[in-house]
Amino acid sequence: MTPPDSAVSVRDLRKTYGSVDALHDVSFDIARGETFALLGPNGAGKSTTIEILEGYRDRTGGAAEVLGVDPGRGGTDWKARLGIVLQSTGESGSATVREQLTHFAGFYPNPRNVDEVIEAVGLQEKQKTLIRKLSGGQRRRIDVALGIIGNPELLFLDEPTTGFDPEARRQFWQLILALKDEGTTILLTTHYLDEAARLSDRAGIIAGGSLIEVGAIDEIGGAEARTPVVRWIEDGVARSERTTEPSRLVAELVDRHGGAEVPQLEVVRPSLEDVYLELVERFDSSARDAASLHAAALDTTPNGGVR
Amino acid sequence: MIATTVRLGVSRIGNEVRSYFRQGDSVFFTFLFPLLMLTIFSTAFSAQSFGTDDNGDSLSAASYYLPGMLAAGLLLSGVQNLAIDIAVERGDGTLKRLAGTPLPVVSYFIGKLGQVLVTGAAQAVLLLVVARVVFGVDLPTTAAAWSTFAWVFLLGVTTSAVLGIALSRIPRTGKSATAVIIPITLVLQFISGVYLAFTDLPTWLQNVASVFPLKWMAQGMRSVFLPSGFERLEQGEVWNLGGVALVTGLWLVVGLVICRVTFRWIRKDG
Numbered sequence: 001m002t003p004p005d006s007a008v009s010v011r012d013l014r015k016t017y018g019s020v021d022a023l024h025d026v027s028f029d030i031a032r033g034e035t036f037a038l039l040g041p042n043g044a045g046k047s048t049t050i051e052i053l054e055g056y057r058d059r060t061g062g063a064a065e066v067l068g069v070d071p072g073r074g075g076t077d078w079k080a081r082l083g084i085v086l087q088s089t090g091e092s093g094s095a096t097v098r099e100q101l102t103h104f105a106g107f108y109p110n111p112r113n114v115d116e117v118i119e120a121v122g123l124q125e126k127q128k129t130l131i132r133k134l135s136g137g138q139r140r141r142i143d144v145a146l147g148i149i150g151n152p153e154l155l156f157l158d159e160p161t162t163g164f165d166p167e168a169r170r171q172f173w174q175l176i177l178a179l180k181d182e183g184t185t186i187l188l189t190t191h192y193l194d195e196a197a198r199l200s201d202r203a204g205i206i207a208g209g210s211l212i213e214v215g216a217i218d219e220i221g222g223a224e225a226r227t228p229v230v231r232w233i234e235d236g237v238a239r240s241e242r243t244t245e246p247s248r249l250v251a252e253l254v255d256r257h258g259g260a261e262v263p264q265l266e267v268v269r270p271s272l273e274d275v276y277l278e279l280v281e282r283f284d285s286s287a288r289d290a291a292s293l294h295a296a297a298l299d300t301t302p303n304g305g306v307r
Numbered sequence: 001m002i003a004t005t006v007r008l009g010v011s012r013i014g015n016e017v018r019s020y021f022r023q024g025d026s027v028f029f030t031f032l033f034p035l036l037m038l039t040i041f042s043t044a045f046s047a048q049s050f051g052t053d054d055n056g057d058s059l060s061a062a063s064y065y066l067p068g069m070l071a072a073g074l075l076l077s078g079v080q081n082l083a084i085d086i087a088v089e090r091g092d093g094t095l096k097r098l099a100g101t102p103l104p105v106v107s108y109f110i111g112k113l114g115q116v117l118v119t120g121a122a123q124a125v126l127l128l129v130v131a132r133v134v135f136g137v138d139l140p141t142t143a144a145a146w147s148t149f150a151w152v153f154l155l156g157v158t159t160s161a162v163l164g165i166a167l168s169r170i171p172r173t174g175k176s177a178t179a180v181i182i183p184i185t186l187v188l189q190f191i192s193g194v195y196l197a198f199t200d201l202p203t204w205l206q207n208v209a210s211v212f213p214l215k216w217m218a219q220g221m222r223s224v225f226l227p228s229g230f231e232r233l234e235q236g237e238v239w240n241l242g243g244v245a246l247v248t249g250l251w252l253v254v255g256l257v258i259c260r261v262t263f264r265w266i267r268k269d270g
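Those sequence lines, one after another, are chains A and B. For the first sequence, full-length UniProt numbering assigns the number 1 to the initial residue and increments by one for each residue that follows. For the second sequence, full-length UniProt numbering assigns the number 1 to the initial residue and increments by one for each residue that follows.
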């Protein structure tokens, strides 16, 4: 079932809590060395998916393999090959940065150098400080450092840059790109679509518990969703037009203005964020339509007994 | 595999002991609490006599309360400390983080047991030194007495640690841990002859207390530190060290079984 070059393989993953269907029909693969972003609104099922793959939750149905192992049965040997950065936690933090990293490095057969990791997350100045005395963003960097200290083949990053200032986020991106260059496979969830676009090769979008789209970052959503938009002002009115041939439209506009400058002219290619928002919006409205269709069907039940 | 588990366990002990002493509340409510109580009782009742020793000299409050405070220390360092500590670690994400690493669960347990052993021993030494130096308590001089102390301490501290791990499942959240656990240990201390003389309690309450291990640990400690004449004040007028070993040992087994059956890194749902 699993292609040999695949680090993660998921087929028809399902998770129910009682009668609530939290996750269904989720299937995707992550190739070795690939960075894959799992995107979606809060509560859509991203964390449930990632926690099943990390071995924290049991799945209700479907198949999953992570580094060739069923995550529901992974032992310590399997965990030694993973790096996990959870959503932020509130631990007491009564070790120093260096003590904590040195201690965790000891868990792994082939850990990274502690000094290098401290430097990579930019905490050289704080290495003798108790973790509880660090700021939120600094503590988040410890989480990342603990995730990579074991030199993982596969790194899970669950909203890793929440609470980072823009500079720290840029530094973090450099770190992740360096890990990627070394061949680390990465599964990322994030609410920052620019981050997903910058770091990932492919992305999957989860909404309402199912995977509604999966593909390369520059292809996701299909060609239509990526059609550029030309915006300009004509006769004092803001105009915009979607076209696959923006150059031609711009040339026409210039002609129409007799070669003069077209006011406020811009050609915008939809960003991953634009594509994402449109996909999620489309999903929501079709879910609403389905719900109202269902209600309408009930309304017109011939014997009227249902209502 | 076993070598790795033990090596990581030892590494956990260092980590656990260090973080124990860096947390003000555990140092105060667990580590120094028996010392504080010994000081209060010794000062408050300094004029009172608690009976006479084998030479007919009056027994001081400090001498009388020392064995009870040592037993309370075993309970606090083990049950109270670990039940709260692990419940908090489950609540704040520490256990979840460890669960995602290759650290074996057994190494985690070795770390907790080691922490209790080290901090419990340091606490006992501190109590003995303060009792001797500050309050002039005469400590036993025979090897037999000290070997009894050693096994009662080791058996007591281990049982107490294992029961602490077992009880850590009870609090639903880390925040409620203190409120759930402290009443249990406090009631036990009051009915087990730590603060109140055991023989002054009604017989039915003595029988209730005899089900739990603290009464027996306190009795074992009294056999070490109180004059031999006090033996006839005990239940059945004997120190009953066999009973101390039996009941405490049974609780150790019960605790181990509960830990084995119930301990999980995290609450897995569904």
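No wet-lab data here; the hints were simulated from the structure. Take the hints with a grain of salt, since some may be wrong.
If we take Cβ atoms under 7 Å as the criterion, some of the chain A residues that face chain B in the derived model are [what the hints assert, rightly or not]:
1) I84
2) Q87
3) G90
Cβ atoms here follow ideal geometry from the backbone N, Cα and C, with glycine treated the same way.
- Index of numbered hints that the structure contradicts, given in increasing order: The structure breaks only hint 2.
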